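Engineer: One letter stands for each residue in the lines below.
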Amino acid sequence: MSALETEKLSSLLAESNRKMEIFRKVSFELNKLVSLPEKLQTILAILDEQFGMANSLILIPDDERQMLTVFAGHGYDSSIIGQQVAFGQGLIGLAAVRKRHINLTGIRRKQHYLATVSNEGDLNFVKPIGLTDAESQVAIPLLANDELVAVLMAESRSFCVYDQSDENFLITLAQPLAVSIQNSMLYDSMEKKIKERTAELQHLNKTKDKFFSIISHDLRGPVTSFQSLARLFSYYNQEGQSDKIEDLCSKVEQSVDTLNHLLDNLLDWSLSQTNGIQCSFEIIPLREFIQTIADIYLPNVTAKEIEFTLEVNDGICIRGDRHTLATVFRNLISNAIKFTPRRGSIRILAAVENEKVRIELRDTGVGMDCGRLLNAFQLQGQRSTFGTEKEKGTGLGLVLVKEFTELNEGTITIQSDPGTGTLVTLLLPQGTSPR
Amino acid sequence: MNKSQVKLEEIMPALQGVIPSIVATSSLDHIPNVTYISQIYYVDTNHVALSYQFFNKTIKNVRENPVLVAILTCPVHYSLYKMTLRYQESQTSGEIFDNMSMQLDALAISQKKEHIFKLRAADIYEVISIIHV
Chain A
0 MSALETEKLS SLLAESNRKM EIFRKVSFEL NKLVSLPEKL QTILAILDEQ
50 FGMANSLILI PDDERQMLTV FAGHGYDSSI IGQQVAFGQG LIGLAAVRKR
100 HINLTGIRRK QHYLATVSNE GDLNFVKPIG LTDAESQVAI PLLANDELVA
150 VLMAESRSFC VYDQSDENFL ITLAQPLAVS IQNSMLYDSM EKKIKERTAE
200 LQHLNKTKDK FFSIISHDLR GPVTSFQSLA RLFSYYNQEG QSDKIEDLCS
250 KVEQSVDTLN HLLDNLLDWS LSQTNGIQCS FEIIPLREFI QTIADIYLPN
300 VTAKEIEFTL EVNDGICIRG DRHTLATVFR NLISNAIKFT PRRGSIRILA
350 AVENEKVRIE LRDTGVGMDC GRLLNAFQLQ GQRSTFGTEK EKGTGLGLVL
400 VKEFTELNEG TITIQSDPGT GTLVTLLLPQ GTSPR
Chain B
0 MNKSQVKLEE IMPALQGVIP SIVATSSLDH IPNVTYISQI YYVDTNHVAL
50 SYQFFNKTIK NVRENPVLVA ILTCPVHYSL YKMTLRYQES QTSGEIFDNM
100 SMQLDALAIS QKKEHIFKLR AADIYEVISI IHV
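First to last, the protein sequences are chains A and B.
Under numbering that gives the first Met the number 0, the letters of the first sequence match residues 0 to 434, in that order.
Under numbering that gives the first Met the number 0, the letters of the second sequence match residues 0 to 132, in that order.
Quick caveat, the hints were computed from the structure, so don't treat them as lab data.
Here are the simulated DSSO-like pairs of lysine-lysine, each with C-alpha atoms no more than 30 Å apart in a straight line:
| no. | chain 1 | residue 1 | chain 2 | residue 2 |
| --- | --- | --- | --- | --- |
| 1 | B | Lys117 | A | Lys126 |
| 2 | B | Lys81 | A | Lys7 |
| 3 | A | Lys98 | A | Lys126 |
| 4 | B | Lys112 | A | Lys98 |
| 5 | A | Lys7 | B | Lys6 |
| 6 | A | Lys126 | B | Lys112 |
| 7 | A | Lys401 | A | Lys191 |
| 8 | A | Lys191 | A | Lys205 |
| 9 | A | Lys194 | A | Lys207 |
| 10 | A | Lys207 | A | Lys191 |
| 11 | B | Lys112 | B | Lys56 |
| 12 | A | Lys31 | A | Lys191 |
| 13 | B | Lys59 | B | Lys117 |
| 14 | A | Lys303 | A | Lys250 |
| 15 | A | Lys98 | B | Lys117 |
| 16 | A | Lys38 | A | Lys126 |
| 17 | B | Lys111 | A | Lys126 |
| 18 | A | Lys98 | B | Lys111 |
| 19 | B | Lys6 | B | Lys81 |
| 20 | A | Lys38 | A | Lys24 |
| 21 | B | Lys6 | A | Lys18 |
| 22 | A | Lys192 | A | Lys38 |
| 23 | B | Lys59 | B | Lys112 |
| 24 | A | Lys194 | A | Lys401 |
| 25 | A | Lys401 | A | Lys207 |
| 26 | B | Lys117 | B | Lys56 |
| 27 | A | Lys205 | A | Lys194 |
Bear in mind the structure is a predicted one, so any value in this text is a computation, not a measurement.
Work out the full structure: start from the sequences and follow the hints.
Structural biologist: Shown next as structure tokens:
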């Protein structure tokens, strides 16, 4: 064997050893329990240190196979992370679409040649991702079970940087890399699912807590009051005080109303929490609809001597689900009555604005402070507040109002200050008036 | 490969298309034609390929008289190599065609000229000899 041949063989052996060492280091990194971006970043740094890949990227495709996003980059500033390239665009996009590796050198000269022979002397490049003046690029699709997992791209400003043996080495390296990325992504997606499921379970748990709290606290109130009333009935009956018994009847009626309202809300809310609400959209004449609901509260309005005005034109219609919207208006009107002192006023106005109906409900009630306003639509920490005449509530009213308004493709806002009353504004889809 | 003094693998940088190659052909009636070609592609230890994008004099000549001589320049050391080739076949599909087509597409797409530059075929040549000039 000649000295030249020995030298060649030694050089080949050294090269093989170097590549084995890279494999060992990369495999070690792939088995580490670290996040995927961190893992890939370290691997690119190893490829630079051992292989001279000074500028390299790993891009991950989206689910629709439209775009590839830079997930890890080495040799660029951090702004490259998150940049995107379309499938089929440039070397990277082409390698992704065709699931084939590609190795180019003399890129700028070849592009000049194409520009010249196509009679367009000026270069008109699509701005590449990475180096703008790369002369050599190699893109390797990382495939697992013939599915594109990522694209590894390396580039340089020099000519003939990646020879065929480098290319083959990168293709070999691509295999474990692809499997590892796929496993990590699977792991990440499972982690995400577990987090989502945990959040869902926590939400259900809070819902259950609230449910028990309402049952144990709010529902006990009216039942206890029935118990007391029954004792009073019995007492007055024994004493022969029929006039007192008559007084008690109105109190029974009031307690039944409160209990009914509470049970209605509780049922609606339970259904909404278990996605059991089935909306059936229809055109609803607004004035008639609100009037029917307001009539339910006429005794309360009369009892508190509240001035109630409904300023809604007959022609105005909304499009929505009658049942859930009834819950919305029932709660808003009942709240307004509850928090408006004796001889106060409640006004409901409506106007059409850009295919929406704007409904304003103004009261001269006690209003809400900033803290209460911020948590008005939150279930957590909600406590039923007594009205101006110790009327009871459920603490669910506004939570339901918001959920059901949104179910009807509407929005709700509340403006309020302590002592100055409250303005509730609803925007609901306009419906065409039935002829 | 007969009488070649240089192996194809030893001149890989010259086959990357960094510096265009000079190719000489002649028609059946011995009229020579000398032109530039952007790249001669490596196929295997005994074969190279030339891209056939436009029907030109070179293509016409090798179909009649299959011998082609190319002068290649190594972009690393600027060494010159004279390569004698014999035309074998024209491929319009397969791995060689796909690889060459993909390289052309990668360049053309970045300039939105993929509709202009399309590979019609990959012409496969047997390497008869390579001489360091």
